[in-house]
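Novice: The lines below spell out each chain.
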Amino acid sequence: MAYENLAFLIPLLPALAFVITFFVGKKTPYGGGLIPIFAIAASFLISLLITIGLLQNPDQVISQSYHWFAIFNLGILIDPLAAVMLTMVTFVSLLIHIYSVGYMSHDPAKSRYFAETSLFTASMLSLILSDNILQLFISWELVGLCSYLLIGFWYQKPSAASAAKKAFLTTRIGDVMFLAGIIVLFADLFKLVNGSIPDGVYLLRFDEIFSYIPEISAMNATFLGFEVSHLTIITLLFFGGAVGKSGQFPLHVWLPDAMEGPTTVSALIHAATMVTAGVYLVARTFPMFIAAPQSLIIVAYVGAFTALFAATMAIVMNDLKRVLAYSTISQLGYMMLGLGMGAVIGAEAVGVSIFHLISHAFFKALLFLCAGSVIHAVGTHDMRELGGVAKVMPITAATMVAASLALAGFGIPGTSIGSTGFFSKDPIIENAYLFGEHAGNWFPYLFAIVAALLTSLYIFRLLFMTFAGKPRTNYGGHESPASMTVPLSILGILALVFGAIVVEPFNKFVSSTFVNNFVNMDIPALAEVGNYELVAHAGHEPLLILWMPVIVAIVGLLIAFVIYYQKAIDMSRFVSKDNSVYKLLYNRYYQNEIFTQLFAVKFVYEGLAMAGYHIDRFIDGIVNVISYLAIEAGDSFRKIQTGVIQQYSVAVIMGVSLLVILIKLVMEVF
Amino acid sequence: MLPVLSLIVLIPLLFSAFAFLTKKREQARVVALMGTLITLILTLYMYFSFDSSSAAMQFEELASWIPSLGINYHLGVDGVSMPLILLNAIVIPLLILFTWDDVRSTPNRFYGLILAMQGAVIGVFISLDFFLFYVFWELTLIPLFFMVNIWGGPNKRHASIKFFIYTHVASLVMLLGIFGLYFAAWDQTGVANMGIAHLMSQFPMIGSGIARDAIFLALLFGFLVKLPIVPFHSWLPDAYAEAPTAGSVLFILLKIAGYGIFRVILPMLPATGSPDMMITILGLLGSVSIVYGAFLALSQKDLKRMVAYSSVSHMGFVALGAAGLVTLSISGAMFQQFSHGLILSIMFMSVGVIQASTGTRNINDLGGLATKMPKLAVIMMLAFMASLGLPGLTGFIAEFMVFTFSYVNVPTFVILALFGVVITAGYHLWAMQRTMFGVYNGKIGEVLDLSNVQTFSMAVIALLVLYFGLNPSPVLDMMITGSNEIVSLMAAMGV
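Here the protein sequences line up with chains A and B, keeping their order.
At position 552 of the first sequence the residue is numbered 552 (our numbering), and the sequence of numbers has no breaks.
Adding 670 to a residue's 1-based position in the second sequence gives its number in our numbering.
Any given hint could turn out to be false.
[Claimed, not checked] Computed list of chain B residues with no C-beta within reach of chain A, every gap over 10 angstroms: (1) LYS693; (2) ILE708; (3) TYR717; (4) LEU1060; (5) PRO1081; (6) MET1106; (7) GLY1108; (8) ASN1122.
[Said to hold, decoys possible] Simulated DEER-style distance windows between Cβ atoms: (9) B:MET947 to A:VAL535: 25 to 33 angstroms; (10) A:SER105 to B:ASP1119: 22 to 30 angstroms; (11) A:ASP635 to B:ASN1141: 52 to 60 angstroms; (12) B:ASP771 to A:GLU606: 36 to 44 angstroms; (13) A:GLU606 to B:LEU677: 50 to 58 angstroms; (14) B:ASP1119 to A:ASN318: 52 to 60 angstroms; (15) B:ASN1141 to A:LYS26: 24 to 32 angstroms; (16) B:PHE718 to A:LYS26: 35 to 43 angstroms; (17) A:VAL486 to B:PHE718: 39 to 47 angstroms.
In case anyone wonders, no lab produced these hints; they're calculated from the structure.
Only a predicted model underlies this, so the values are computations on that prediction, with no experimental measurement involved.
Backbone N, C-alpha and C fix where the C-beta goes; we use that ideal spot for every residue, glycine too.
Build the full structure now, drawing on both the sequences and the hints.
Specialist: This is how it looks when you write it as structure tokens:
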């Protein structure tokens, strides 16, 4: 495999594209748009070839390590998990870049845009192919930086500058937890090798980390009176990082605001380059989670709760992009839930969850690009001002329908007919059912099912309000240029057929990451480390259970149809300032008030920082009092300033002798 | 062999004298640039012929000076001092370029003081004799005092005197510690010797634990005030904020206190009467400084004071890494000194440019500068990101090493310090948002972006921040060798 040696180019080419576009992008055609397109296309080709090679021979994992500094390395690890992610990210990013050439054509700062999106892609690719946790963390932070720069792309807008800061700070809370996890992990590994690391061994490489799982699991710490395994602590801290990056409750607050950037940036963030990082982190370190079942179950609960919580807000938003933002949060919740189900089905959970990640990447990128197409053409993203867009923009509308069907998960169970979302989301819900059966805990399943109903409701509400009926305002508009509609169509086809074609081989391929490759993890044995056992995924749930997700999706569609298309039910009673449920949802459970106003402004800034300010005044005051006393003393000593040299020299001699005697005395005493 | 160490101290001092004698700004700045460039060339020669795998003193020079008191003219560099000399030699010529077009009173004195400062600081780093060390140490006070006192802001008199007296008192306490050590060793061996290595090796032989603690604490106090560490930091915000930009940068390059901790404090620590308590003092004050400095920075309305407090926060890492007591945590602390010198230089230069072009440093009066000053926006963003610890830039390497390796020995303090990380990100981003982003504040009037020399000098430092962030080994490897030597000295001292 000759292209194995090209693996390092996958992140490097977009990184070079960043440098070139940043410095000379303005002088090239399309404001430098072509440079990242070529670079990412090349990365995509290499990723695709590597993936095909791996498919034929799943043991040919690419693993390369180079010394970096001190005891750390930089390296490349491309196993099935990384390979499919690389292919998806390069592919989606490529389409978004092609689309951006048209979308950003009027923006004077487009070369800065293309430079930053290249770096964004490069960081994400480097994150995916890291062979050690430090490099993953570094790329993780660079992804955060790029999202900051891109959300605040129109920095002249105060709301954009503020949203960018909010995104960076909120995810930073997660990052610190992730960092703490790495620190604790390293300290444990350091202890396990007795403080001496042989040359050429890099403790933070995934294979090294995984080989110490049983030992780390055996280390215990007492925390609030509970005996907790170090492995549980470490995995929960990692998950804390994932909660920030992947918009899980309660650190999801940055994601809806993140749409202040160009819509294409939202597409990148929501589909390819940012929010998936957290899911990927959990998947990448999955053997650790398997051996720490408490963490896995927390992952599942947080995921299920987030899926439902975000969906409730999505049904009342009037902003096109905001609906999609909450939808992303909700879908990320499904992915986390999918990973958490590893507690019953083992490594297969990775395949299921990553498949949903990739299928979501396709249809969510599509949804955002469609929204972008609409916004580009009509200039508003308030759905109340839209309506009837389908007549003006038929291609956009058709692809939007495809994406919506995928998001809602339409398909026929038991056959190979269905949208991509059907094949990716339903297995997660089925696994949640299995979990309920096995563990006797039905909350994840219940949450997932209700969220599926709401998903269908909010997306068809969006569809009917925006594309159906008659225009509510006079917005004009036209279909977007081919550079925008071609990527839409490609993604539209993928949203419809990708799942049916690849689901079976895909899940097997990705799940095999931890079974027969690279680290050769014995997943059932790791489950034993965690003191529980896995059940085989039987796949013979009752028919009703298999049909349940589709049934609720149809119900959601019907409700949306009746309310927003036929307008058979008057919603004005619900949609009013007096309805407390509506108010609660519309104000997003007052999270902004709680997080931003109460926590950030009142507690951290006005409370802690200002308290510090006064404490510092006090410390400075003490210094000033001491100096004042010294000045007073100096004033009284001034009387001995006689100006007579002889008196001075006597004083000097006496002083020096006194000092010497004093020091000698001190020495004698001790 | 060229006495290169003597030269890198003498040349700045000599050119300092030349600069004082010039009559015009144009002459003074050329003399200053020449002097610092020669120093830079010599330093680069030293750096490239430096053997970073050897723990021994290199380029050593030894001559008897005052034999009766055992004072020698003894110079040498190792992995602890070499990177700091490099830092000074690189940044100061760039600082002179940065001020190239500035018009100010008595430029001959201005450039003379910068050069004197360079000679004195390098002198501290290469002295292997305590007497010499102390002379250079005190010599650094004078240029800084006049820098603030002559060209400082409205409150310059108060700030300069406060700085001078505060740190001078601390230095005197340190001097008492040195005397104690010197006389005790004289008593034990019957030979007078001011050599740092000699006195270190005699320290554990002092019979009384209290005496050892007293000597140690006296030295520690001197270093901690200069570093500075909370609660002995209150001279810093005034001095840094009132100083002219060049003065603030010189303050930043004054890495002698951290150096003293590595060179003197750490090797002595295991031999004190109560090493655990000393580690606790160092680690606790370090992590408190990190968090406290971050909160204080968040509360500032003056951009320069904010940067000054961020410096307090960053210096906490030096103390925390030192308290970690393992080779790599100490190397991380050393790297923090190097990294901080580069990053904060750009930050103070950025603030200086903003003040010069808008006439204010008040964060609330600024806003939207990025549209008018795109070059400054890019460089300042890089410095701010480096300062908040973004990977790929030097700050991250230092902070990551300090956190990770200190955790092995002082986990509680690391966890405490981690709380500062989010606050640190907070004040940096908030300040960026309110000064550079948003709507351009029309009240400011017309502003000019960086001039070409300013762009050049700031961009070079920014590129170094990036380069050493991606590839720290060229300086980190020698720091690791140096820290290894410190750790083995500590092991030898353990009683």
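Novice: With reference to the structure, classify each hint as holding or not holding.
Specialist: Results of checking the hints against the structure:
{"no.": "1", "hint": "LYS693", "verdict": "holds, 37 angstroms"}
{"no.": "2", "hint": "ILE708", "verdict": "holds, 32 angstroms"}
{"no.": "3", "hint": "TYR717", "verdict": "holds, 18 angstroms"}
{"no.": "4", "hint": "LEU1060", "verdict": "violated, 6 angstroms"}
{"no.": "5", "hint": "PRO1081", "verdict": "violated, 7 angstroms"}
{"no.": "6", "hint": "MET1106", "verdict": "violated, 7 angstroms"}
{"no.": "7", "hint": "GLY1108", "verdict": "violated, 5 angstroms"}
{"no.": "8", "hint": "ASN1122", "verdict": "holds, 17 angstroms"}
{"no.": "9", "hint": "B:MET947 to A:VAL535: 25 to 33 angstroms", "verdict": "violated, 56 angstroms"}
{"no.": "10", "hint": "A:SER105 to B:ASP1119: 22 to 30 angstroms", "verdict": "holds, 27 angstroms"}
{"no.": "11", "hint": "A:ASP635 to B:ASN1141: 52 to 60 angstroms", "verdict": "holds, 58 angstroms"}
{"no.": "12", "hint": "B:ASP771 to A:GLU606: 36 to 44 angstroms", "verdict": "holds, 42 angstroms"}
{"no.": "13", "hint": "A:GLU606 to B:LEU677: 50 to 58 angstroms", "verdict": "holds, 55 angstroms"}
{"no.": "14", "hint": "B:ASP1119 to A:ASN318: 52 to 60 angstroms", "verdict": "violated, 42 angstroms"}
{"no.": "15", "hint": "B:ASN1141 to A:LYS26: 24 to 32 angstroms", "verdict": "holds, 29 angstroms"}
{"no.": "16", "hint": "B:PHE718 to A:LYS26: 35 to 43 angstroms", "verdict": "holds, 38 angstroms"}
{"no.": "17", "hint": "A:VAL486 to B:PHE718: 39 to 47 angstroms", "verdict": "violated, 55 angstroms"}
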